[in-house]
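Chains as they are written, first to last, in UniProt numbering: chain F, 1 to 370; chain G, 1 to 370.
Don't take each hint at face value.
Intra- or inter-copy, both count: the list cannot distinguish identical chains.
[What the hints assert, rightly or not] For lysine to aspartate or glutamate, the following EDC-like pairs were computed, each having C-alpha atoms within a straight-line distance of at most 20 Å:
| hint | residue 1 | residue 2 |
| --- | --- | --- |
| 1 | K332 | D39 |
| 2 | K332 | E177 |
| 3 | K56 | D95 |
| 4 | K332 | D121 |
| 5 | K248 | D21 |
| 6 | K339 | D30 |
| 7 | K56 | D44 |
| 8 | K229 | E105 |
| 9 | K332 | D21 |
Read the hints as simulated data drawn from the structure, not as lab findings.
Number of protein chains: 2
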Amino acid sequence: MVGAGQLARMTQQAAIALGIDLRVLANSRDESAAKVIVDTRLGDYRDLADLREFAKGCAAVTFDHEHVPTEHIQDLIDDGYAVHPGPEALVHAQDKAVMRERLTEIGVPCPAWARVSEAADVEAFAEEHGWPVVVKSVRGGYDGRGVWVCSSAEDAREPLEAGIPLIAEAFVPFERELAVLVARSPHGQGVSYPVVETVQKDGICVEVIAPAPGLVGEDAAAAQHIALKIAQELGVTGLLAVEMFATKTGLVVNELAMRPHNSGHWTIEGARTSQFEQHLRAVLNLPLGSPALAAPVVVMVNLLGGADPDVFSRYEHVMANDPGVKIHFYGKEVRPGRKIGHVTALGVELAEVRARAWHAADCLKGPVDA
Amino acid sequence: MVGAGQLARMTQQAAIALGIDLRVLANSRDESAAKVIVDTRLGDYRDLADLREFAKGCAAVTFDHEHVPTEHIQDLIDDGYAVHPGPEALVHAQDKAVMRERLTEIGVPCPAWARVSEAADVEAFAEEHGWPVVVKSVRGGYDGRGVWVCSSAEDAREPLEAGIPLIAEAFVPFERELAVLVARSPHGQGVSYPVVETVQKDGICVEVIAPAPGLVGEDAAAAQHIALKIAQELGVTGLLAVEMFATKTGLVVNELAMRPHNSGHWTIEGARTSQFEQHLRAVLNLPLGSPALAAPVVVMVNLLGGADPDVFSRYEHVMANDPGVKIHFYGKEVRPGRKIGHVTALGVELAEVRARAWHAADCLKGPVDA
């Protein structure tokens, strides 16, 4: 696995169970996954020589982020390595313009969009679709960075002047956000986890509710169908997370990710097969695991860093208060606002399960101000 | 954790979630846990200097086996380390004579027993309690080694001539075997997992059924009460597994183990808190986690090595046949009859869940003869 963040770290838990020797390419031995993976190699994921050295002897190569240059992935495939997802698929999670073109082509509902490179383009787009306009960098967007919600062309001056490729998208007045996590293997087998509701704050996912409350029958199946269709049409191998807006008039696809995803952390305890095991199965071309829920309601709340870095000192209260809540701490340096872990609660009654998960996360975060 | 077998390996999965830096003392880098734990130290658990070097900087020291000399554990405590379980407790899992004396003293039902050192002792014991007589080495028994079921004193000649300390126990005509896994923290908090039924073959545990079929209400509570009482009276910190015989006239305690135990592997997916997380919580003096079942029926079947070591090649069939079965493979060299992993199935109907678990284990084992 190229990259050694928390996604690789949690993948190691699944790899240990299956007896799979997981190797990671890390920037430093201090990274989240490097602390728990013996076969950690240091190198630069942007450097083809480093990638080639890293891949030697691997049965499959995959990623914990989308930043490996597409052309390097092709080179690894040309060398004979099994790389999942492959470059033709992954480019849709790397390049938002390519993604929008392709999704439009295969009939997946998207916001209105256009490539823009100067203020006049943004104004022309707004004339047709109205303000606000959402300007996005075509590459490198992640967790809200690289997205500018603009009330005027002036708000887009910074990215426009940076000269980076940009697209404009119509602002979608959504009722809530949903996500569908699917897996697809090189054999072509596909499975979908239940649709979840995601709650974002300041562009960061803070909460995931599985299954999405009140979404049943055909509406849930429609969302899963969109995600499975994208996986198949784009030739995704491994996991695909499809973030969607639920609007009054239906679903609109927002973003794609081709790796384990924050919207799937609940599956560790909440589904029969965790997303991390599922990703390993898919990239190794093994039959996929059951995505069935392990409890009627599962809620995951992200743990963001607070002012006091000593999270461990707060375990005692949280564990004593709720013996059933599951704590995940990524072994990362604690900085205010940084994703440093998550908590998961399982149960039957939504309000009760949400309250438990939020209480645990709030307590673990500790004081916000020093 | 002193020792680097599969118990330490599975403890690492729980340690990763909680952000706990797990260090192991291994005999070699090829051991099961050494392959997945970055902070692996090499050394001899029988050597006090190695243990002292290993313990430096550890918040707590614990074990994946019972073979560390009791006096060395006391030395580590005298050095100021938190060692769980402590030597006064652990000696009861190391020395069967000490265990029988103490359990008898606190009124826990045991088989009739006596220390024996020559053939005449065994014959005298048999005269009172009948044949067969179960002769056991006082120290070092593990998984059926060190136990001789004797129809005559002649059958005990080998251990008697070896001059090792022995006890004789009356053979218990049991209906089935049960096990109760409890945890106790230094604070004195105790929790019990549901009672399970264990199935042994040739002295090796092959199957665990949770909860024990047909054991309800006061009968289940009585078994849990015995285990919690032993934990408290012996001052156990960490996990305690109590193996019991269910007889027509009640429960009889067979063996004790003070560590994660084969009879608790089902808890990884089958309980809200896995035994490995529970052990970490207990030895770190954190509040204990919920032992609640995650499904109505959970069955674990041990995976023993067959003639063909390529277990991985059989994953495809097992995973395709049953997307819900959970495979655990310990990364150990495959040898015929050796415990190399386990599988767990969860569900509602006992016969169906057992069939699934056995099918998966049988398939993974592969051919018995080369």
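Consistency of the hints with the structure:
Taking the shortest Cα distances, K332 and D39 sit within 20 Å of each other both inside one copy (19 Å) and across copies (17 Å). For a Cα distance limit of 20 Å, the shortest separation of K332 from E177 qualifies neither inside one copy, at 28 Å, nor across copies, at 45 Å. When the C-alpha separation of K56 and D95 is checked against a cutoff of 20 Å, the pair qualifies neither within a copy, at 28 Å, nor between copies, at 50 Å. For the homomeric pair K332 and D121, neither the shortest alpha-carbon distance inside one copy (42 Å) nor that between copies (62 Å) is at most 20 Å.
Taking the shortest alpha-carbon separations for K248 and D21, neither the intra-copy value of 47 Å nor the inter-copy value of 48 Å comes in at or below 20 Å. With identical chains, the CA atoms of K339 and D30 are at most 20 Å apart within one copy only, with a shortest distance of 16 Å there and 34 Å across copies. In this homomeric assembly, K56 and D44 come within 20 Å of each other (Cα to Cα) only inside a single copy, at 15 Å, whereas the closest approach across copies is 34 Å. For the homomeric pair K229 and E105, the shortest alpha-carbon distance inside one copy (12 Å) is at most 20 Å, but the shortest distance between copies (68 Å) is not.
Taking the shortest Cα distances, K332 and D21 sit within 20 Å of each other only across copies (12 Å), while inside one copy they are farther apart (23 Å).
In summary, the numbered hints that this structure violates are 2, 3, 4 and 5.
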